[in-house]
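With the hints as a guide, dock the two chains, each given alone in a separate frame, to form the complex.
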Amino acid sequence: MHVRRLELVDVRSYERAAVELEPGASVLIGPNGVGKTNLVEALGYVATLASHRVSTDQPLVRVGADRGVIRCDIVHEGRELLVELEIVPGKANRARLGRSPVRRARDVLGALRLVLFAPEDLALVRGEPEQRRRYLDDLLVARQPRMAGVRADYERVLKQRNALLRSAYLARKVAGRGGDLSTLEVWDHHLAEHGAKLLTARLALADALAPHLEEAYRLVSAGQGKAVMEYKATATPTSILDELASVKDEEIARGTTLVGPHRDDLLLRLGDLPVRGYASHGESWSYALALRLASYTLLRSEGIEPVLVLDDVFAELDTGRRERLADLVRDAAQVLITCAVEADVPQSLHGNRYLVQPGEVHRV
Amino acid sequence: MYEGAIQDLIDELGRLPGIGPKSAQRLAFHVLSADTTDIKRLAAALTRVKEEVRFCSTCYNVAEAEQCRICRDPRRRDDALCVVEEPKDVIAIERTNEFRGRYHVLGGAINPLEGIGPDQLRIRELMARLSSGDVSELILATDPNTEGEATATYLALMVKPMGITVSRLASGLPVGGDLEYADEITLGRAFEGRRKL
Ligand SMILES: Nc1ncnc2c1ncn2[C@@H]1O[C@H](COP(=O)(O)OP(=O)(O)OP(=O)(O)O)[C@@H](O)[C@H]1O
Ligand SMILES: [Mg+2]
Ligand SMILES: [Zn+2]
Chain F
1 MHVRRLELVD VRSYERAAVE LEPGASVLIG PNGVGKTNLV EALGYVATLA SHRVSTDQPL
61 VRVGADRGVI RCDIVHEGRE LLVELEIVPG KANRARLGRS PVRRARDVLG ALRLVLFAPE
121 DLALVRGEPE QRRRYLDDLL VARQPRMAGV RADYERVLKQ RNALLRSAYL ARKVAGRGGD
181 LSTLEVWDHH LAEHGAKLLT ARLALADALA PHLEEAYRLV SAGQGKAVME YKATATPTSI
241 LDELASVKDE EIARGTTLVG PHRDDLLLRL GDLPVRGYAS HGESWSYALA LRLASYTLLR
301 SEGIEPVLVL DDVFAELDTG RRERLADLVR DAAQVLITCA VEADVPQSLH GNRYLVQPGE
361 VHRV
Chain B
1 MYEGAIQDLI DELGRLPGIG PKSAQRLAFH VLSADTTDIK RLAAALTRVK EEVRFCSTCY
61 NVAEAEQCRI CRDPRRRDDA LCVVEEPKDV IAIERTNEFR GRYHVLGGAI NPLEGIGPDQ
121 LRIRELMARL SSGDVSELIL ATDPNTEGEA TATYLALMVK PMGITVSRLA SGLPVGGDLE
181 YADEITLGRA FEGRRKL
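Chains F and B, in that order, are what the protein sequence lines are.
The first sequence begins at 1 in this note's numbering and counts up one residue at a time.
The second sequence begins at 1 in this note's numbering and counts up one residue at a time.
Incorrect hints may appear among the rest.
Claimed, not checked - BS3-like mimics (lysine-lysine), calculated; alpha carbons at most 30 Å apart, straight line: (1) B/Lys160 <-> F/Lys91; (2) F/Lys197 <-> B/Lys196; (3) B/Lys88 <-> F/Lys159; (4) F/Lys197 <-> F/Lys159; (5) F/Lys197 <-> B/Lys22; (6) F/Lys159 <-> B/Lys160; (7) B/Lys22 <-> B/Lys50; (8) F/Lys159 <-> F/Lys91; (9) B/Lys50 <-> B/Lys40; (10) B/Lys88 <-> F/Lys91; (11) B/Lys196 <-> B/Lys160; (12) B/Lys40 <-> B/Lys22; (13) F/Lys159 <-> F/Lys232; (14) B/Lys88 <-> B/Lys160; (15) B/Lys40 <-> B/Lys196; (16) F/Lys248 <-> B/Lys160; (17) F/Lys159 <-> B/Lys196; (18) F/Lys197 <-> F/Lys232.
Derived from the structure by calculation, the hints contain no laboratory data.
The following block holds chain B by itself, in its conformation from the complex (with noise of 0.2 Å):
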C-alpha cells in the first residue's frame, strides 16, 4: 500500500475493466513522472468526455449534441437501419463504408446470466423508430456470438409482423467473436452478403 494521492490513483485505474492490480501500479507511477502538460490534457480529456458526450436521443450512439454526426447527415438513407450493440460496432463498420442508412445502438445484447432482458436495451425505442413507416430495411448486426445471435433472433420475430426486411450479416464473421474485432475485409464481406432472416 502506497499512502495518499498515489494509492487513491491506483485505486481508481484498477478499477478500470481490463486493468488489474499491476498495470495500475505502472500507469500510476507513468503518471506521476510524465510531463506535467501531458497529464494536464488527459485530465481534461476525461472530465470533458463526461461532460460533453452524450447519447444520440434518435440511435443512442454517442454524440457532441443532441443528435449524432449520422443521424444529422442529410446524405444517409432514411429506409436502411442498422442495430448495434455498442457505439464502437457503429465506428467498426463505418470503416467498411458498405453501409449509408442509420443505426441504432441497443447498449448490450440478451444475456440471461447478466439480467440483461429486452428492458434493459434500448429495444422499446427500436419499435418506436421502425413504427414510423421509413425504414424497409433492417440488418441485425449484433456480435457473432451466443447472445447477439438471440438478439438478433428476438428482434426478427419482433419485427416480422411490420412487413420491413429483417437481414442478419452473413457468416465469415467468426463465431464467438465481437464484431469490433473483425477486420474490415471480412466485416465487409459480411454485410454485402447479409442474409434475410
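This is chain F alone, in the form it adopts within the complex (with noise of 0.2 Å):
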C-alpha cells in the first residue's frame, strides 16, 4: 500500500498544499516548526480518525478558517483509492470513500493502513495505561478494521452502565436511598460479552507481537536488555461475570466499572526491570520506537503492507543504529521519514527528498 497524493486544505499550518508520493522512502526536510509533523500527522488522522497530538480536532483546522479538509489517494494491490475527510470542530466529520459519501467517518477506517511513530510515543512507555490499551486497539483496528466496532461497543456500554452506577451513587448521597439497579444485570452481560471479545483479540495481539517487539528492540537499541511484554488483565475472557459480581458493592460505593478491558494494562519491561519509573531516556526513546516497528514488521509478516512513517527518528540515534533502521524500512512499500537535517538519514536509504517550507512542499 501507498499514498500517492495528499491534499490538505486549511489543516494546521497549510491553507492548501498538495504533495505528490512515490513508493519506497520519501524524505521531508525542513526547519523546526516548519510544518512537518503537520503532514504526517493529517495522514494519522485518515487512518485512525484521530491525531497522535491532540485529543481534540480544533488544533487540526488552520487557526482563522471553520473546517479543514484532507485527500489522500491511496494505491492498493493496483486499485487507487480517494479518500476525503472534512473537519468541523465540535461536530461529526464528514467522509467520502472514492466518489460517495459515507454514513459514518468510521467507515473508512481500514481505507489506509498506516503505522507512525513520532517523539510523543515517549508517552507509551511513561504515560498512564491508558496510551498503551490504545496502542493495542488502534494495532487490532489496522489488522482487522471491523475490530473498530467491537471497541466501540465496548465503550458505549461501559458508559452506560457507568451512568447507571453513577445515578445509584449519586440517590444514595443525595436521597439515601439505593438507587434504580434493576438493569445492572443486564449491562453485566453486556458488557462481559463485548469485554471478552475486546480482551480475546488483545491477549492473541499481545502474544503475537511479543518476538516482533524483542527483535526490534534489539534493533534500535545499543544492545543491553531484551524487551518482554505482558498484558495484565483485570479478569479473563470467560470470567469478566464473575469478577464483576466480586467487586459490585465497591462499585457502587464508587459509582463506576472497575473490572474490563478498560482497566487493563500492558507491562513492558527491560530485562527483569520495568521500563516506566526505572528506564533511561534514550532506553525509553528505543522502547517506544521498538514498540512501533513491532507493530510495523507484524502487520507486514501478515501480508498487509502499511505505510510506515518515522517522524524525528534518525536524529536520535547514533551512526551504527541509523544503518540498521534504514536496512529495516529500506523495502517498505512506502515509508515516510521527517527529519530537520538531511544529513541525518544515512545516504543509503535511496528515495525522494522533498523540501517543506511554510505553507508547500516542493520536491527536491
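This is the structure we're talking about:
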C-alpha cells in the first residue's frame, strides 16, 4: 500500500497544499516548526480518525478557518482509492470514499493502514495505562478494521453502565436511597460479552507482538537488555461476569466500573525491570520506537503492507543504529521520514527528498 | 435578528430536532413566500396532529381512535407480539409484510446516560398484556444498537419465567443502526431469521 497524493486544505499550518508521493522512501526536510509533522499527522488522521498529538479536532483546523479537509489518494494492490475527510470541530466528520459519501466517518477505517512513530510516543512507555491500551486497540483495528466496531460497542456499554452506577451512587449520596439498579444485570452481561471479545483479541495480539518487539528493540537499542511485554488483565475472557460480581459493592460505592479491558495494562519490561520508572531516557525512547516497529513488522508478517511514518527518528540515533534502521525500512512499500537535518538520514536510504517550507512542500 | 412574527417562526422551527439556525431561517422565508392555501393546509395539519392523534390505549402506537388500526384489525394474530421502540418502527416492519401479529411500542430504550430506565418506558403495560395469556411468542425488535440490545436482554430476562417464546431479530441489520433506516429486504430477512433468546 502507498499514498500517491496528499492534499490539505485549511489543515494546521497549510491553507492549501498538495504533495505527490511515490512508493519507497520519501524524506521530508525542513527546519523546526515549518510543518513537517503537520503533514504526517494528517495521514495519521486518515488512518485512525485521531491525531497522535491532540485529543480534540480544533487544533487540526487552520487558525482562522472553520473546517479543514484532508484528501488522500491511496494505491493498494494496483487500485486507487480516494479518501476525503472534512473536519469540523465540535461536529461529526464528513467522509467520502471514492466518489461516494459514507454514512459514518468510521467507514473509512481500513482504507489506509499506517504505522506512525513520533516523539510523542515516549508516552507509550512513560504515560498512563490508557496510552498502552490505545496502542493495542489501534493496532487491532489496523489488522482487522471490524475491531473498530467491537471497541466502540464496548466503550458505549461501559459508558451506559457507568452512568447507571453513577446515578445509583448519587441517589444514595443525596437521598440516602439505593437508586434503580434493576438493569445492572443486563449491563453486566453486555459488558462481559463485548469485553470478552475485546480482551480475547488483545491477548492474541500481545502474544503475536512479543517476538516482534524483542527483535525490534534489539535492532534499535544499543544492545543491552531484552524487551518483554505482558498483558495484565483484570479478568480472563470467561471470568468478567464473576469478577464484576465480586466488586459489585465497591462499584456501587464508587459509582464506576472496576473490572474489564478498560482497566487493563500492557506491562513493558527491559530484562527484569519495568521500563516505566526505571529505564533511562534513551532506553525509553528506543523502547517506544521498538513498539511501533513491532507493529509494523507484525502487520507485514501478516501480509498487510502498511505505510510507515518515522517522525524525527534519525536525529536521535547514532550512526550504527541509523544504518540498521535504514536496513529495516529499505524494502518498505512506503516509508515517510521527517528530519530537520538531511545528513541525519543515511545516504544509503535511496528515495525522493522533499523540501518543506511554510505552507508548501516541493520535491527536490 | 428579525422582528416580530418572522423571528418567532424562526425560533419555533429552530427548536425542532435536526433543524439548525440556518435551516430554520430558510424554512421561515419559504413559508413567507409560499402560497397562502399551502401554508393554511400545513398549519391545519400541525393543529390536527396534536388534537386528533393520540396513543393507542393497547399498544401505544399512534392512533386516531381509542385503539390503533392494527389493534382493531380482527384478522391479526393475537398470539404473536412484536416489541419496538417507536411508532416509526411499526411502520418499518409493516412495510416488510412479514408479520401478522400485534405490536407494543415502548416509547424508547433503556438509556442510563439519558436517565431512561424501565419505569420511563411502557414495560409495566407490556407485562400486563403478557399476563393475559394470549401471547405465545414475543419478538423483540428494538434497535440493533447498545441501548436496544440492553432493552431486549432486560425484557428477555423478565419474560423467560412466563413460558413465552422470546426471539430477537436476526443480525444482518447493521450494528449501531436504527431499525427505521434498514431497507425492507434486510429488515424482512432479519424478521424471518429471528433467533430465540
Ligand atoms: N491550527 C493551526 N493553524 C495554524 N498554524 C498551526 C496550527 N497548528 C499548528 N500550527 C503551526 O504549525 C507549526 C508546527 O508545525 P509542525 O509541528 O509540523 O513542525 P515540524 O516541521 O514538525 O517541526 P519540528 O522539526 O520542530 O518537529 C507551528 O509553527 C504552529 O504554529
Ligand atoms: Mg515535528
Ligand atoms: Zn394499538
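Okay, the hints, checked on the actual structure:
A C-alpha spacing of about 42 Å is found between B/Lys160 and F/Lys91, which places the hinted pair above 30 Å, so the restraint is violated. A hinted pair counts as satisfied when its Cα atoms are at most 30 Å apart, and F/Lys197 with B/Lys196 qualifies at roughly 22 Å. Distance hint between B/Lys88 and F/Lys159 is fulfilled; the C-alpha atoms sit about 27 Å from each other, no more than 30 Å. Among the hinted pairs, F/Lys197 with F/Lys159 is consistent with the structure: their alpha-carbon atoms are about 17 Å apart, no more than 30 Å.
Taking the CA atoms of F/Lys197 and B/Lys22, the gap is about 44 Å. The hint is violated against a cut of 30 Å. Only pairs whose Cα atoms come within 30 Å are accepted, and F/Lys159 paired with B/Lys160 is accepted, the gap being roughly 27 Å. A hinted pair counts as satisfied when its Cα atoms are at most 30 Å apart, and B/Lys22 with B/Lys50 qualifies at roughly 27 Å. A threshold of 30 Å between alpha carbons decides the hint, and for F/Lys159 with F/Lys91 the separation of about 20 Å falls inside it, so the pair holds.
With a CA separation close to 16 Å, the supplied pair B/Lys50 and B/Lys40 stays within the 30 Å bound. Between the alpha carbons of B/Lys88 and F/Lys91 the distance comes to roughly 26 Å, so the proposed pair stays at or under 30 Å and holds. Simply put, B/Lys196 and B/Lys160 have alpha-carbon atoms about 11 Å apart, close enough for the 30 Å limit, and the pair holds. With a C-alpha separation of about 24 Å, the suggested pair B/Lys40 and B/Lys22 falls inside the 30 Å cut-off, and the hint holds.
With a C-alpha separation of about 22 Å, the suggested pair F/Lys159 and F/Lys232 falls inside the 30 Å cut-off, and the hint holds. Note on B/Lys88 and B/Lys160: the hinted pairing holds, with a Cα-Cα distance of about 27 Å set against a maximum of 30 Å. Proximity of B/Lys40 to B/Lys196 is assessed by CA-CA distance (about 50 Å); at most 30 Å being required, the pair is judged violated. Note on F/Lys248 and B/Lys160: the hinted pairing holds, with a Cα-Cα distance of about 25 Å set against a maximum of 30 Å.
Restraint check for F/Lys159 and B/Lys196: satisfied, since their Cα atoms lie roughly 28 Å apart, inside the 30 Å limit. For the suggested pair F/Lys197 and F/Lys232, the alpha carbons sit about 16 Å apart, so the restraint of at most 30 Å is met.
The structure fails to meet hints 1, 5, 15 from the earlier list, while all remaining hints are met.
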